[in-house]
Amino acid sequence: MTATREIVTDKREQFAFHDDIAYLAETKRGLTRATIEEISGIKEEPEWMLQYRLRAFDHFQKRAMPTWTDGLDKIDFDKIVYYRKPSEREERSWEDVPEQIKATFERLGIPEAERKFLAGVGAQYDSEVVYHSVKEELSKLGVVFMGTDQALKEYPEIFRKHFGTVVPAEDNKFSALNSAVWSGGSFVYVPKGVEVPLPLQAYFRINGENTGQFERTLIVVDEGAKVHYIEGCTAPIYATDSLHVAVVEVVALPGSKVRYTTIQNWSNDVYNLVTKRAHAYENSTVEWIDANTGSRKTVKFPAIYLRGEGATADIISVAVAGKGQHQDTGAKAIHLAPNTRSRIVSKSVSKDGGRATYRGQLKVSPGATNVVASVRCDALMLDDISRSDTYPYIDIGEDDTSMTHEATVGKVSQDQVFYLMSRGLTENEATNLIVQGFLEVFTKELPMEYAIEFNRLVKLEMEGSLG
Amino acid sequence: MTVASPRPRPQRQGLTDFTLAVTREDVAAIHAAQGGPDWLLADREAGFDAFEALPAETNDLYTTYIDLRGAHLGETELHRTPVVERSAIALPAGAAGLLVVTDGDLTGAALSREAAAAGVVLTTLADFIAARPDRARALLDNASTLPSNDRFAQLTRAAWSQGVVLDVPAGVQLADPIVIRWVTGEAGRAVIGRTFIALGDGAKVRLLEELVGADASTAIASSGDATQSFLAGTLEVHLGRNASLEVASLQELPETTVAFQHRNAVIGEGATLHWALAQLGSRLVRSRVDNRLEGDRSVVEQVEIVFGGDEQLFDLTSYTRHIGRDTTGNLLSKGALLDRARTYMKGMIVIEKTAVGTDSFLGEFGMNLSKAARSVAIPSLEIDQPDCRRAAHSSSVGPIDETQLFYLESRGIPPDEARKFIVLGFLEPVVARVPVADARDRLRAQLEAKWDAGVGAGADAAA
Numbered sequence: 053m054t055a056t057r058e059i060v061t062d063k064r065e066q067f068a069f070h071d072d073i074a075y076l077a078e079t080k081r082g083l084t085r086a087t088i089e090e091i092s093g094i095k096e097e098p099e100w101m102l103q104y105r106l107r108a109f110d111h112f113q114k115r116a117m118p119t120w121t122d123g124l125d126k127i128d129f130d131k132i133v134y135y136r137k138p139s140e141r142e143e144r145s146w147e148d149v150p151e152q153i154k155a156t157f158e159r160l161g162i163p164e165a166e167r168k169f170l171a172g173v174g175a176q177y178d179s180e181v182v183y184h185s186v187k188e189e190l191s192k193l194g195v196v197f198m199g200t201d202q203a204l205k206e207y208p209e210i211f212r213k214h215f216g217t218v219v220p221a222e223d224n225k226f227s228a229l230n231s232a233v234w235s236g237g238s239f240v241y242v243p244k245g246v247e248v249p250l251p252l253q254a255y256f257r258i259n260g261e262n263t264g265q266f267e268r269t270l271i272v273v274d275e276g277a278k279v280h281y282i283e284g285c286t287a288p289i290y291a292t293d294s295l296h297v298a299v300v301e302v303v304a305l306p307g308s309k310v311r312y313t314t315i316q317n318w319s320n321d322v323y324n325l326v327t328k329r330a331h332a333y334e335n336s337t338v339e340w341i342d343a344n345t346g347s348r349k350t351v352k353f354p355a356i357y358l359r360g361e362g363a364t365a366d367i368i369s370v371a372v373a374g375k376g377q378h379q380d381t382g383a384k385a386i387h388l389a390p391n392t393r394s395r396i397v398s399k400s401v402s403k404d405g406g407r408a409t410y411r412g413q414l415k416v417s418p419g420a421t422n423v424v425a426s427v428r429c430d431a432l433m434l435d436d437i438s439r440s441d442t443y444p445y446i447d448i449g450e451d452d453t454s455m456t457h458e459a460t461v462g463k464v465s466q467d468q469v470f471y472l473m474s475r476g477l478t479e480n481e482a483t484n485l486i487v488q489g490f491l492e493v494f495t496k497e498l499p500m501e502y503a504i505e506f507n508r509l510v511k512l513e514m515e516g517s518l519g
Numbered sequence: 022m023t024v025a026s027p028r029p030r031p032q033r034q035g036l037t038d039f040t041l042a043v044t045r046e047d048v049a050a051i052h053a054a055q056g057g058p059d060w061l062l063a064d065r066e067a068g069f070d071a072f073e074a075l076p077a078e079t080n081d082l083y084t085t086y087i088d089l090r091g092a093h094l095g096e097t098e099l100h101r102t103p104v105v106e107r108s109a110i111a112l113p114a115g116a117a118g119l120l121v122v123t124d125g126d127l128t129g130a131a132l133s134r135e136a137a138a139a140g141v142v143l144t145t146l147a148d149f150i151a152a153r154p155d156r157a158r159a160l161l162d163n164a165s166t167l168p169s170n171d172r173f174a175q176l177t178r179a180a181w182s183q184g185v186v187l188d189v190p191a192g193v194q195l196a197d198p199i200v201i202r203w204v205t206g207e208a209g210r211a212v213i214g215r216t217f218i219a220l221g222d223g224a225k226v227r228l229l230e231e232l233v234g235a236d237a238s239t240a241i242a243s244s245g246d247a248t249q250s251f252l253a254g255t256l257e258v259h260l261g262r263n264a265s266l267e268v269a270s271l272q273e274l275p276e277t278t279v280a281f282q283h284r285n286a287v288i289g290e291g292a293t294l295h296w297a298l299a300q301l302g303s304r305l306v307r308s309r310v311d312n313r314l315e316g317d318r319s320v321v322e323q324v325e326i327v328f329g330g331d332e333q334l335f336d337l338t339s340y341t342r343h344i345g346r347d348t349t350g351n352l353l354s355k356g357a358l359l360d361r362a363r364t365y366m367k368g369m370i371v372i373e374k375t376a377v378g379t380d381s382f383l384g385e386f387g388m389n390l391s392k393a394a395r396s397v398a399i400p401s402l403e404i405d406q407p408d409c410r411r412a413a414h415s416s417s418v419g420p421i422d423e424t425q426l427f428y429l430e431s432r433g434i435p436p437d438e439a440r441k442f443i444v445l446g447f448l449e450p451v452v453a454r455v456p457v458a459d460a461r462d463r464l465r466a467q468l469e470a471k472w473d474a475g476v477g478a479g480a481d482a483a484a
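In order, the protein sequence lines correspond to chains A and B. So for the first sequence, the working numbering puts the first residue at 53; every next one is plus one. So for the second sequence, the working numbering puts the first residue at 22; every next one is plus one.
No lab work stands behind these hints, which were simulated from the structure alone. Note that the Cβ used here is the ideal one computed from N, Cα and C, for glycine as well. Hints may contain errors.
The calculated DSSO-like cross-link candidates involving lysine-lysine, where the alpha carbons are at most 30 angstroms apart (straight line), are [to be verified]: (1) A:205 <-> A:244; (2) A:126 <-> B:441; (3) B:374 <-> A:463; (4) A:375 <-> B:225.
With the Cβ distance kept under 7 angstroms, some of the chain B side facing chain A (calculated, not the full set) [said to hold, decoys possible]: (5) 40; (6) 43; (7) 77; (8) 81; (9) 389; (10) 392; (11) 399; (12) 404; (13) 412; (14) 415; (15) 420; (16) 421.
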């Protein structure tokens, strides 16, 4: 038997990179009211935003650290730089992007991706959007896709109407932190009836030791409109801990359709603490497609509040936890209106001592009649030094809800491995294929290029001494 | 249904406020009345310290699902001194033993000749401590069978005034069940008791635990104005190698009762434990079951049903810990809820790294029969050993199945009857496990009466 042999090794370091960038402005380490006033001042923000930030900061200080997940007490908030500005203004075209940053993006493969079929690129280099282009046809349709800071200036009305309405600053300790120091992120507005024909894409990455990344994304999809938004993350590796605290708000107005896809591959020193939430109105559909392979610890539960009758929620959450990692991920579907439906599918893989946790909530409020909901969680453990947890919360307050929940945990089937090996695959190839098959519910929802990239990532993570 | 007259509340009560007054002096007084050894007093005091130090819920997973507001125990008086009136009591048909505790006092005990001859002991904890101090100390000391992080288990450890011991020597197999009955009679009394069940290697016993009101016929639905009673109890189970224990528990206390239960089982090599738990009564139930599958090839099977109505809250937690090799856990909880009843079903399966070859399943199923009812299910898994036969849970909440209804109606059964059949059938898995025929029939009657009352009231409300 080969059970004692190492099946997989982590090769993430090969893809890490770090460029030395001259920052034009940055705040001192640590967080005080003065830091927040400074950030707001550099950005020349309206007074209401400064007041909002300060209120959020007060709440952040008051709010206790959550204890239901562990390890967060290791974050030293005084060591973090809360704001860095790498270049003077947002770049309009590819040619204007500084060479050094461009070289980094080359390695990420953005230009090719854009040439091929991406509608726009909103690449976040540390805390500011440095490059942004929206294809002309989208502008003609009235679609707005820009940095959140820019949107605050250019679209103040729609911005203020929706900002902080889906995720209030006081929602949790980290939404309060983000609300206090947010910087960058994407703003998307899709007007009534407009279908965005291609996915909108943004790359985020952290560059710079101890740089917090606190992006804020707001997506408003008007009645009958349709959009697919994609974000992917990579970041270089550092010895000390980095912090990523993001807030994503999605407003899906009646009859709209929104899909939000994430591939999270932060380096293994990043604390990734994200609040993602969508409000789904009448007959709208919201889909979170969420994969987490990187970070030291991710705490993220994409949520959909089904507020309008006939709304649909679909959440696919995938996590791969390797050495030293804890993926504390899951999903929430909160049914607040009649005839709403939700589906949650979660797949996790833990290996090399990693820990994968599914934590989810399914709630049917009184008055939300005729709800149909399902939750499915499957976990695969590749060795017995890893750990897998499942914590689903199911709270049903109506008498005609139809809800099912299933969860299983297991290892790679030796029968399946044997079958594949009898067909000429090596043990490693067989295991790899089984893991890819296990995750296929996620990969098949991705655009082709992302699916290839994701499968390559999984394969590289699975590659090891066998074969 | 008319609007209930508003009852005056002493003051606004928080979700985790526990209103029963228990002091260190109470603990000392209880111990003095019992007259036990010094180590026992130390054990009680350690329990009281923990009770004072701990929050109502220590598991961060569950802190949002605790609600003690249904318990108004400010006027309830703690039982301190047990009165022993060992009246002659007849064994019910088909039982090997019977012990009755009424309002904390022993009111009867009987054991069949065969059981007594085989060395089975069924007695009060105080008597057991006096008669067999070393054995008693092995069972009680350090409270290893009460969870150290549970505030109310520690309250029980500190302030128990009555206890029961069933001690079955190795190799003894009783054909007929033992019945232990706790009765709440007078309103406004708080009784805290402990029950120990110890089975030697290869022993085999069936146990029926009855938690009932003094007048079983009027039973569950009793008048609303009486001062609440409190009954806290335990079942602390030790199973030797290859021992087998079947426990059926019927909780039919009046709705003026608040019931706290701690059940803990340490299951030895090759041993098997079956729980069949029926929860019908009480205003508020807070129950916790800890199954520790320590021995290789040990097995636990747990079936729990809830049939709730009115304002009842059933707060039910179970922890099943797989430690030995090739252990099996099969847990099933089912709740049917009328009126404004609520269930919190919190089930946790832990598979430790040593537990190779585990087969573990947890199912939590709810049926809300009223728009105001609420079912919460939190079936959790924590797994450190993937080399298992099965590790899964499943949960569903749904209304009465229309196709089943249609089938029964097509066989000529009126809709109301058909609905009743389906609901009672949903709860039948536990009923069928009750070992004494009389008790089984009484449980069926109770369930049916509750259905009739609940549906009748619902029809009134709709009118």
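ask   = Hint numbers the structure violates, sorted upward?
value = Numbers 2, 4, 5, 6, 7, 16, in rising order.
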